[in-house]
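Can you make the complete structure from the sequences, with help from the hints?
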Amino acid sequence: MLCLLKTSSFIRRACGLIRFDPRTYRYKFRRRDQAALEQRIKEICEPRVRFGYRRVHVLLRREGWEINAKKTYRVYKELGMQLRNKTPKRRVKAKLRDDRKEAVNPNDVWAMDFVHDQLATGRKIRILTVVEPPAFLH
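Residue 15 is where the sequence shown starts when you use this note's numbering, and the numbers rise one by one after that.
Treat the hints with care, as some may be off.
When the alpha-carbon atoms are kept at most 16 Å apart in a straight line, the in silico EDC-like pairs for lysine to aspartate or glutamate are as follows [as the list claims (entries may be wrong)]:
{"no.": "1", "residue 1": "K56", "residue 2": "E77"}
{"no.": "2", "residue 1": "K84", "residue 2": "E52"}
{"no.": "3", "residue 1": "K85", "residue 2": "E60"}
{"no.": "4", "residue 1": "K85", "residue 2": "D47"}
{"no.": "5", "residue 1": "K91", "residue 2": "D122"}
{"no.": "6", "residue 1": "K91", "residue 2": "E52"}
{"no.": "7", "residue 1": "K91", "residue 2": "D131"}
{"no.": "8", "residue 1": "K91", "residue 2": "E60"}
Here are the in silico distance ranges between beta carbons for each label pair [said to hold, decoys possible]:
{"no.": "9", "residue 1": "C29", "residue 2": "E77", "range": "40 to 46 Å"}
{"no.": "10", "residue 1": "G66", "residue 2": "R46", "range": "41 to 47 Å"}
{"no.": "11", "residue 1": "K85", "residue 2": "G136", "range": "50 to 56 Å"}
{"no.": "12", "residue 1": "G66", "residue 2": "H130", "range": "38 to 44 Å"}
{"no.": "13", "residue 1": "D131", "residue 2": "R98", "range": "37 to 43 Å"}
{"no.": "14", "residue 1": "A50", "residue 2": "K91", "range": "15 to 21 Å"}
{"no.": "15", "residue 1": "K100", "residue 2": "E77", "range": "26 to 32 Å"}
Everything labelled a hint here was simulated from the structure, so no lab data went into it. Since this is a predicted model, take the numbers as computed values, not measurements. Even glycine gets a Cβ: it sits at the ideal position worked out from N, Cα and C.
So this is what it looks like as structure tokens:
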């Protein structure tokens, strides 16, 4: 049975049933050796850490490399040269204020918050709620 599966007539017939070209079935993609390209990208990026793939691509084109920008990006990313995007740190304004004093008596600490809601008519309202935290209630 296994020999039957490997015969070209069986493959031709199976490909014909699903309307698939047998040459496409047999085609094996072979990527060209890109060791020289990888080495050159490393050499360009080593002294210039902040260079992105676009600038590296321009330098490669100036040197005479026949290369597509998408290939430059793929190789650049495979080599791990891609810098991660830094998300800006959230600035905490409470750190800028003076240190808070320890609450000793009731009414020393209050908590406040804005509550946003929408009425049945569609009108939006904001309410400032001011409460004393439960730890300080009598």
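Results for each hint:
Our distance criterion of 16 Å between C-alpha atoms is met by K56 and E77, whose separation comes to about 15 Å. For the hint linking K84 to E52, the alpha-carbon distance of about 14 Å falls within 16 Å, and the restraint holds. Using a Cα cut-off of 16 Å, the hinted pair K85 and E60 is violated, with the two alpha carbons roughly 19 Å apart. Taken as a hint, the K85 and D47 pair is honoured in the structure, with Cα atoms around 13 Å apart against an allowance of 16 Å.
A distance of roughly 56 Å separates the Cα atoms of K91 and D122; the hinted pair therefore is violated under the 16 Å criterion. For the hint linking K91 to E52, the alpha-carbon distance of about 11 Å falls within 16 Å, and the restraint holds. With a C-alpha separation of about 47 Å, the suggested pairing of K91 with D131 is violated against the 16 Å cut-off. Restraint check: the Cα-Cα separation between K91 and E60 comes to about 15 Å, which is no more than 16 Å; the hinted pair holds.
Range check, C29 to E77: about 44 Å between beta-carbon atoms, so the 40 to 46 Å window is met. Here the CB-CB span from G66 to R46 is close to 24 Å, at odds with the stated 41 to 47 Å. For K85 paired with G136, a C-beta distance near 54 Å keeps the hint of 50 to 56 Å intact. The given range of 38 to 44 Å is respected by G66 and H130, whose C-beta atoms sit roughly 41 Å from each other.
Distance hint check: the CB atoms of D131 and R98 are about 39 Å apart, consistent with the given range 37 to 43 Å. The hinted range of 15 to 21 Å is satisfied by A50 and K91, whose Cβ atoms lie roughly 18 Å apart. Between K100 and E77 the CB atoms are about 31 Å apart, so this pair conforms to the stated range of 26 to 32 Å.
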